[in-house]
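Undergrad: Sequence:
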Amino acid sequence: MDKLYDLTERDGLPEALRVLLEAFPRADWQAHPNFAGLVAFWLDRHEMFRQLCEVMRTDAEGVVDGRMDPREMQARLSRYGGMLVQNLHGHHQIEDMHYFPVLKAREARLDRGFEILDRDHHAMDGLIARFADGANGVLRGQREAGTFREDVIGFETLLRRHLADEEDLIVPVILKHGPDGLH
Numbered sequence: 063m064d065k066l067y068d069l070t071e072r073d074g075l076p077e078a079l080r081v082l083l084e085a086f087p088r089a090d091w092q093a094h095p096n097f098a099g100l101v102a103f104w105l106d107r108h109e110m111f112r113q114l115c116e117v118m119r120t121d122a123e124g125v126v127d128g129r130m131d132p133r134e135m136q137a138r139l140s141r142y143g144g145m146l147v148q149n150l151h152g153h154h155q156i157e158d159m160h161y162f163p164v165l166k167a168r169e170a171r172l173d174r175g176f177e178i179l180d181r182d183h184h185a186m187d188g189l190i191a192r193f194a195d196g197a198n199g200v201l202r203g204q205r206e207a208g209t210f211r212e213d214v215i216g217f218e219t220l221l222r223r224h225l226a227d228e229e230d231l232i233v234p235v236i237l238k239h240g241p242d243g244l245h
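Sequential numbering of the sequence shown, starting at 63, is according to my numbering.
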């Protein structure tokens, strides 16, 4: 498989797909008139996914270090793990069915980038399922917190890679063309 497409291998989008990011650098996003509303909301969702992973990782570390009762971790994992899985699935469905096709039509030269994101979503389906299996193992008392912590670290690393690449490709397209037709 081409390293460009493989979520587990790549370390960012290739330069050819970062052309709009050069014109719309991250540091300038919030000041752009097309940032408010959809872009801000979408980035908040991404930040929520990052924070949920961080909470679950930190909780697992707390159990391993003896700073947190395993039952408290289980209660929080049930809540936050379920929230992560449900929201990620819904988020990816909306992107795949609506946002990506509209944005791809606006910037056909970034077609390969949308192919990468689509492959990421398919890979993430398996990663989410493995994460859920690990979390359920913890909830049933069949998986140790330390092992689950490693599961979360692996999942979080790949999720962060995907989210960063997705943001680098999509936010500049919306900033350039506006959010019309995406609501």
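Incorrect hints may have been included.
[To be verified] The calculated DMTMM-like cross-link candidates involving lysine to aspartate or glutamate, where the alpha carbons are at most 20 Å apart (straight line), are: (1) Lys166 - Glu71; (2) Lys166 - Glu177; (3) Lys238 - Asp131; (4) Lys166 - Glu77; (5) Lys166 - Asp180; (6) Lys65 - Glu177; (7) Lys166 - Glu109; (8) Lys166 - Asp127; (9) Lys238 - Glu84; (10) Lys166 - Glu84; (11) Lys238 - Glu77; (12) Lys65 - Glu169.
[Unchecked claim] Label-pair ranges, simulated between beta-carbon atoms: (13) Arg222 - Ala93: 18 to 26 Å; (14) Asp127 - Tyr67: 19 to 27 Å; (15) Lys65 - Lys238: 43 to 51 Å; (16) Asp242 - Gln204: 21 to 29 Å; (17) Tyr67 - Arg168: 21 to 29 Å; (18) Pro95 - Glu116: 30 to 38 Å.
These aren't lab readings, by the way, just hints derived from the structure by calculation. Predicted, not measured: the structure shown is a model, and the values here were computed from it. Ideal Cβ positions, reconstructed from N, Cα and C, are used throughout, including at glycine.
Undergrad: If a hint holds in the structure, say so; if it does not, say that too.
TA: We went through each hint and held it up to the structure:
1. Lys166 - Glu71: The given pair, whose Cα atoms are some 24 Å apart, is violated under the 20 Å limit.
2. Lys166 - Glu177: holds, 10 Å
3. Lys238 - Asp131: violated, 49 Å
4. Lys166 - Glu77: holds, 18 Å
5. Lys166 - Asp180: holds, 12 Å
6. Lys65 - Glu177: holds, 13 Å
7. Lys166 - Glu109: violated, 23 Å
8. Lys166 - Asp127: Violated - the C-alpha atoms of aspartate 127 and lysine 166 are around 47 Å apart, more than 20 Å.
9. Lys238 - Glu84: Measuring from Cα to Cα gives roughly 12 Å; hence the hint holds.
10. Lys166 - Glu84: holds, 18 Å
11. Lys238 - Glu77: With Cα atoms ~18 Å apart, lysine 238 and glutamate 77 stay inside 20 Å; holds.
12. Lys65 - Glu169: violated, 23 Å
13. Arg222 - Ala93: 18 to 26 Å: The hint (18 to 26 Å, Cβ to Cβ) holds, given that arginine 222 and alanine 93 are roughly 24 Å apart.
14. Asp127 - Tyr67: 19 to 27 Å: violated, 38 Å
15. Lys65 - Lys238: 43 to 51 Å: violated, 28 Å
16. Asp242 - Gln204: 21 to 29 Å: violated, 50 Å
17. Tyr67 - Arg168: 21 to 29 Å: holds, 22 Å
18. Pro95 - Glu116: 30 to 38 Å: holds, 31 Å
Of the hints listed earlier, those the structure fails to meet are numbers 1, 3, 7, 8, 12, 14, 15, 16, in rising order.
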